[in-house]
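Colleague: Take a look at the letters that make up each chain.
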Amino acid sequence: MSIQEQYRSRAKELLREGTVKMVIGYGAGTTPLRRRPIFITSPDDADRLVLDAACRTNLAGYLLREGLLADQKSVAVFLTPDGVRTINILAAESQLATEQVIVLGFQIDGENARQLEGTRVADFSGIIAERKKKRKEQPSHEVARKLEQMTSVERFSFWEGEFSRCIKCYACRAACPMCWCRRCVVDNNQPQWVNTSSHTLGNLEWNLVRAFHLAGRCVECGNCSEACPVNIPLHLLNRRMTEEVLTAFDYYPGADEHQEPVLASFRKDDPETFIL
Amino acid sequence: MSEPFEPKIVAFVCTYCTYAGADLAGTSRLKYPPNVRIVRLPCTGRISPMFILKAFQKGADGVLVSGCHPGDCHFDHGNYHARRRWTAFNALLQFTGVPEERVKFSWISAAEGIKFAELIESITEEIRTAGPFEQYHKLIAETGSAASV
Ligand code: SF4
Ligand code: SF4
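Line by line, the protein sequences give chains B and F.
Residues in the first sequence are numbered from 1 upward in steps of one, following full-length UniProt numbering.
Residues in the second sequence are numbered from 1 upward in steps of one, following full-length UniProt numbering.
The shape of chain B in the complex, shown without the other chains (with noise of 0.2 Å):
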């Protein structure tokens, strides 16, 4: 059996035996290469799951929609190590409660899926810290290293290349599993600390704004980065700041449902090299 038709019928199973009330999967999408979402309530739906290397969308994100987990019970998601580390975080910063989360968990290598054992979150805790283990070997990406090669003056002149083609439609923010504030700071006016117009200084602030509030929460899932309409690479900023608090803090996060966020947390000996 396909792995695509083991989690079909493992979704139909579960929702026909009413362990959860709603599976969220991928359906085909509008190329053969794109999913979308889907949000099944009936095992007989089941067979429109679509499980294969395509299917790159953290949904975790949809959990939070507003009421679906009011009623205490249970939902069903397809979700990458990343996926469940995404939930592992919203757990921790109150916005779900980890026993309404079933795992459909898998992940891509390569053209395939594959299945990844476990139910709840907690039972992915081992491949989670094996992530983190080759997250800290990773080297920094290409571009960003040569970043770092180059005077303050121009990589200032490279990000405002990028961000002046940003068009402030925040799609970045809704494609993000972690911006789940209902009201942004950026949508703030009293006061208003970033411009809301899409001029260069504006988009600058917006993208400051999105990648310190995401640093030490954001799971690289790419959500964003695959988003943004104009391709502004979210991801480098993304990655500097998972690096940041992995050398400074030794913190990855989402490593499990109740470890504290790292900007609501320290640690008297935390590194301080910078500080006059």
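Hints in this document: simulated from the structure, not taken from any laboratory.
These numbers come from a predicted model, not from an experiment.
Incorrect hints may appear among the rest.
[As the list claims (entries may be wrong)] Pairs of lysine-lysine residues, derived as BS3-like cross-links and limited to a Cα-Cα distance of at most 30 Å, are as follows: (1) F:K138 to F:K54; (2) B:K168 to F:K138; (3) F:K58 to F:K138; (4) B:K146 to F:K54; (5) F:K115 to F:K54; (6) F:K54 to B:K168; (7) B:K136 to B:K146; (8) F:K8 to F:K31; (9) B:K146 to F:K138; (10) B:K168 to F:K58; (11) F:K8 to F:K54; (12) B:K268 to B:K133; (13) B:K268 to F:K115; (14) F:K115 to F:K58; (15) B:K168 to B:K146; (16) F:K115 to F:K31; (17) B:K12 to B:K73; (18) F:K115 to F:K8.
Dock chain F with the ligands against the given chain B, drawing on the hints supplied.
Modeller: Chain F with the ligands only, in chain B's frame:
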């Protein structure tokens, strides 16, 4: 002859330590450059990175953020939280090309009037040498609004 460049520097300080240190510098009649505009806050824990962006948005050439030494926070641990935030934000600023000399962080206690005066002296000199934050000022000019600090 053109006027020599005088940088505009905004200092966000906590009221219990650095502000008191600045006060001590004043009452001790210590001289330091008048380039710094001090914004007093209850605690470094209250100093959001967005304050720094706001200062630059309004045309600052440099920013100082300063508070109590670790262990001395009036609220016990506001500065420990602030330190983590600064670490992440500082990395982000450097990565996006905001020069290191334009944003400084320090611990200055209520007893360190001399440290305050000397630090203001040295960062003012450093930014004076670096010149106006032209790359940022250009972005401000493009918005059509006049910068003022
Ligand atoms: S910032 Fe981007 S990569 Fe990070 S969690 Fe949000 S959508 Fe995913
Ligand atoms: S998705 Fe891209 S263009 Fe839209 S607001 Fe985000 S960075 Fe700007």
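Colleague: Evaluate each hint against the coordinates.
Modeller: A quick look at each hint next to the structure:
1. F:K138 to F:K54: Given pair K138 of chain F, K54 of chain F holds - Cα atoms ~16 Å apart, limit 30 Å.
2. B:K168 to F:K138: With Cα atoms ~20 Å apart, K168 of chain B and K138 of chain F stay inside 30 Å; holds.
3. F:K58 to F:K138: holds (12 Å)
4. B:K146 to F:K54: holds (29 Å)
5. F:K115 to F:K54: Cα-Cα ~26 Å, so holds.
6. F:K54 to B:K168: holds (19 Å)
7. B:K136 to B:K146: holds (19 Å)
8. F:K8 to F:K31: holds (17 Å)
9. B:K146 to F:K138: holds (25 Å)
10. B:K168 to F:K58: Cα-Cα ~21 Å, so holds.
11. F:K8 to F:K54: holds (13 Å)
12. B:K268 to B:K133: holds (24 Å)
13. B:K268 to F:K115: Distance ~23 Å between K268 of chain B and K115 of chain F Cα, so the pair holds.
14. F:K115 to F:K58: holds (27 Å)
15. B:K168 to B:K146: OK: K168 of chain B and K146 of chain B at ~27 Å, within 30 Å.
16. F:K115 to F:K31: holds (12 Å)
17. B:K12 to B:K73: Holds, because 17 Å separates the two Cα atoms, which is no more than 30 Å.
18. F:K115 to F:K8: Distance ~20 Å between K115 of chain F and K8 of chain F Cα, so the pair holds.
Of the numbered hints stated above, none is contradicted by the structure.
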